[in-house]
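Okay, here's what each chain looks like letter by letter:
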Amino acid sequence: MDKRIVIGMNEDLETGRLITTEVQPVEPDDFRGLGPGWRFNWRAAVERMEVFKLIDPAAPDAILGLLGLIRRENYVEVTLLESHPRNVGRTKRFQGIAGSLFVFAAQLSFKLGGDGFIAIDAKTELMEYYRLAYGFEKLGHSQRMILTTGAAARLIGTYGGRPADE
Amino acid sequence: MSKLPEPDDVECFVGGVEPDARTSIETVRLIEEYKKRSDYPLELEVAERILADLGISARVYGMQDAKSLLDHWHRCIRDLQKADLGDNRGGRADQ
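Protein sequences appear in the order of chains A and B.
Residue numbers for the first sequence follow our numbering, so the first one is 1 and each next one is one higher.
Residue numbers for the second sequence follow our numbering, so the first one is 1001 and each next one is one higher.
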């Protein structure tokens, strides 16, 4: 598991600097250092879905956010996504964690032949934000939203994702 | 689409919404329908051009292949289960 994914830039709101972040699959040891305040039980999630972590390579033990996904027939389903509790609300340190994790899911979808399609079940109050910020489209009258091929590519372009081994 | 700042008053997360049992079947169908639109080939072409400009091939990307990633996950779950069994056998000091 030596390959990693460089996702792009997240803003450190304390210093104003942009940092390059990476996504990697979580390891069992990661759960021991998660700390309190997480909304979801990620230890349990790992048995039902693939879980990835967003990290700053300069401080790889500090997880910035977590992503749980399931590979479907022609898309990737993002089932859980959460920023580290320190990175939520007005006192958050890093900006753009959710976007970076969506970018990773979109990249994985392209890689797996899903043409960038990803799907989420969104909270009602976040649907408009997901549409404007990431390009998700609402499906019918449900909470279901999808990111289509074009929007996925534009999102990857916005966050500047690129392969790590280049 | 732009890189909008995340709202401070709403926590940006996914989860906690219980999906309908038929949702994934319906999503597969709707995506297939979407791909049949007459303008979809152009959308795909533009997307591949955006990715190519970033040095990304939409098909060949610098990422673990699916099999090695799944192998990783099987190991990860096995390790967690082993750790759980170890904790149970050893007990905890605070119990």
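You may find that some hints are simply not true.
[Claimed, not checked] Straight-line alpha carbon distances no greater than 30 angstroms define the calculated DSSO-like cross-link-like pairs of lysine-lysine that follow:
1) K138(A) to K123(A)
2) K92(A) to K138(A)
3) K92(A) to K123(A)
4) K1082(B) to K138(A)
5) K92(A) to K1035(B)
6) K1082(B) to K123(A)
7) K1036(B) to K138(A)
None of these hints come from the bench; they were simulated from the model.
Outcome of the hint check:
no., hint, in the structure
1, K138(A) to K123(A), "holds, 12 angstroms"
2, K92(A) to K138(A), "holds, 28 angstroms"
3, K92(A) to K123(A), "holds, 21 angstroms"
4, K1082(B) to K138(A), "violated, 42 angstroms"
5, K92(A) to K1035(B), "violated, 39 angstroms"
6, K1082(B) to K123(A), "violated, 35 angstroms"
7, K1036(B) to K138(A), "holds, 18 angstroms"
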